[in-house]
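> Protein chains in written order, with the numbering used here: chain A, 1 to 417; chain B, 418 to 834.
Calculated from the structure, these hints are not laboratory results.
Just so it is clear, CB atoms sit at the ideal spot from N, CA and C, and this is done for glycine as well.
The reader is advised that the hints may include incorrect statements.
[Claimed, not checked] Derived contacts from chain B toward chain A, CB cut-off under 10 Å, selection only:
(1) I547
(2) S656
(3) G746
(4) I807
[Stated by the list, open to error] To spell it out: a stretch of chain A is covered by chain B in this simulated footprint if at least three of its residues, at any positions, have a beta carbon under 8 Å from a beta carbon of chain B; those stretches are:
(5) 56-64
(6) 76-90
(7) 120-128
(8) 329-336
(9) 353-365
2 protein chains.
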Amino acid sequence: MGQFDENGGIYLNILKSGTVTTPRGFMAAAAAAHIKYADKKDLTLIVSENECAAAAVFTQNQVAAAPVIAGKETMQAHSGHIRAIVANAGNANASTGRPGLENARATQKMVADSLNIQPEQVLPLSTGVIGVQLPMDRMQAGIETAAGRLSADGGLEAAQAIMTTDTHPKHLAAQVELSGNTVTIGGMAKGSGMIHPNMATMLGVLTTDAQVEANLLDEMLRTAVSHSFNRISVDGDTSTNDTVILLANGASGVTITKAENIAVFQDALTYICTKLAHMIVRDGEGATKFVEIQVTGTKTEADAHAIANTIATSPLVKTAFAGSDANWGRILAAAGRAGIAFDQNQAALWIGGAAPDELQLVANGTPTNYEEADAAAIFARPEFKIRLDIGAGDAATIVWTTDLTHKYVSINADYRS
Amino acid sequence: MGQFDENGGIYLNILKSGTVTTPRGFMAAAAAAHIKYADKKDLTLIVSENECAAAAVFTQNQVAAAPVIAGKETMQAHSGHIRAIVANAGNANASTGRPGLENARATQKMVADSLNIQPEQVLPLSTGVIGVQLPMDRMQAGIETAAGRLSADGGLEAAQAIMTTDTHPKHLAAQVELSGNTVTIGGMAKGSGMIHPNMATMLGVLTTDAQVEANLLDEMLRTAVSHSFNRISVDGDTSTNDTVILLANGASGVTITKAENIAVFQDALTYICTKLAHMIVRDGEGATKFVEIQVTGTKTEADAHAIANTIATSPLVKTAFAGSDANWGRILAAAGRAGIAFDQNQAALWIGGAAPDELQLVANGTPTNYEEADAAAIFARPEFKIRLDIGAGDAATIVWTTDLTHKYVSINADYRS
């Protein structure tokens, strides 16, 4: 990511207020469909002026929501011809059976009719309460209102309208110069727990005006997601509705192929996804700390990920973060139960920022002679790193997580009551 | 477990105040070794008058504590000749490297010298802070004091002396008539998180005056543990020190073999382990609810366990328990991310006690027409069941867990500060 340093940034132009409508040829709008919220805009349309290649990554949850099922079907046959995304907040359309699936498909048709396109050119997204059927009359009204307001400035209200328990909209854009033209990638996301209290989901929508063939787009999106959205954990609970979609409409005139422009575009895409993922973690339910967990010295990246993820989801580790207690025994114990064999006498642990700001707490599996006050001072920071090396190989990974606080319990224990 | 119904109990005599010294030929004592605690007895000896067959189950954690390593070594060569168990609270002797392992072995030798037996006849247990070397002079003094106080009435103080954050000692015994004689099994355990805040561990010690060959004893202990201690979860964090040991000294004169008495003895052993496991869950850190999670209709028991365990460790499910919110969407969503394939349209969910006290919330993957108030009333109980059927097969399992409360966060975030 060095080339993307926002301070010394060399060729990536970061647009912090950029949105999904910053790339050329995209419009968006939102409407108050009163699905669950009284005042809030909760129905979003994102539309491309011309056909897009689309790529999507869906939740692995067996209890996949109806829009996930409908979206997968649509993608299988029509990923080269997508024109629009419709998203609603307030109702997940999950655990809704066959009527729910019919409602997801009807939603695609409503959007198609409003925009004079085909239903299979529309991808649906939902987030909200589980087990309640969508109010289709209100969906219809919301879709018509939003369709009448579509604008190239609509990206911000789109980012706002997909929020549920998020405390702020999450969006940005980035531009790179390729083949003598400017290519823009815009993105937005929502999510502040992996599942919200009966309010599902991490959603991400990315747009670009690059020209990319759908199979290559899929490959690039999977790479980007594996280094970003798949490396964050607020509470370990993946949702029934998690979806990330990327649309490429080619409006910039710049083509990305395996032979051409791919490295820069991939880096920019991964950068956008990583920044959005960080925004989700920082806005995690009840979170007061942003913690980067590096695991190094494993045989494979999958091993590193298994260990990092076990640390990141351990209630004891996360409450230690909350208590600003540099309780390294909990970190090692979590690593030790991740199902990956290693020799504890090779384990080493550092905390802090980047070296030389690091403080080594453990060497050869036993504590160093560090000062508790120094360790506590690092854990008291709003943002810090943990680096665990298990001395078994050359692979590594990074994940990002938060602390587990009283506020998390309050949000999730008290939400429906 | 029907034959063990405590109300209509037919042939199992439950001794609620029974301990590890209730079986014939066992003595115990505790001493204040001042390992961490100022006043509390924290050093325990359990001794058999004659050689025991021993079986033990140790933590799978890669960061195994020194007493686990030493105990495994001892068991490999000498499981037919064990005489004593030594346990200390206040120091886990974990992440202590080679000096820690030497201290564990020295502890075995101190006990052997005090009792005039061999070091390899002693099994060591530790629970407490991680990363601190045992104070061997205080261990020595404690061992000598305890050895001088050994008594057939010492079981209760043994159960008290292994406590760390436990709020009460956990122990019981059971008797069965076999081959015309009374066979007694006694047990004690500690643990109120899977790991305590820098205070490790679930420990269990079981004694019996039956005569059992070590290999068969091992088989029976593994069966009992797989139905009891391995089915509980307070926070999902398995510790560096978890150990369950069973000693059989034959003092009753009754022999258990594959051909003789095995079924009744196994049931009694599983019963004792299950009761101790329930005591640990009920005393879970900050717990206000005791929840039984049944998962049925899976292809294999392992599938059922994977799903039940994911539900039992989901922060969103556990906070819903805490909030008395019958938020079934979280339960289904947790089941759906357990890594086990199933058709959500076959899923059914009940809550309550035993049928007909059950209330069905979900049928065919979608909500039934239940009343929210009825569901909330069940979740408000201090003890209730969840039953999830996924309609994929005939296998099933049960696990027991607690809620995730503000008090859990307080205990674990504020402990060391």
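> Take the hints in turn and mark each one as holding or not.
Hints and how they fare:
This hint holds: I547/B has a C-beta 3 Å from the nearest C-beta of chain A, less than the 10 Å allowed. Against a cut-off of 10 Å between C-beta atoms, the interface hint on S656/B holds, since the closest Cβ of chain A lies about 6 Å away. At its closest, the beta carbon of G746/B sits 3 Å from a beta carbon of chain A; the interface hint therefore holds under the 10 Å criterion. Hint status for I807/B relative to chain A: holds, with the closest Cβ pair at about 9 Å, below 10 Å.
Remark: the stretch 56-64 of chain A is confirmed as covered by chain B, as 5 of its residues place a Cβ nearer than 8 Å to a Cβ of that chain, reaching the required three. With 0 residues having a beta carbon nearer than 8 Å to a beta carbon of chain B, the stretch 76-90 of chain A misses the requirement of three or more and the stated coverage is violated. For the stretch 120-128 of chain A, the proposed coverage by chain B is not satisfied: 0 residues have a C-beta within less than 8 Å of a C-beta in that chain, short of the threshold of three. Counting residues of the stretch 329-336 of chain A whose CB lies closer than 8 Å to any CB of chain B gives 7, which reaches the minimum of 3, so the coverage claim holds.
Check result for the stretch 353-365 of chain A against chain B: holds, 3 residues qualifying (beta carbon to beta carbon below 8 Å, three or more required).
In this structure, the earlier hints numbered 6 and 7 are contradicted, and the remaining ones agree with it.
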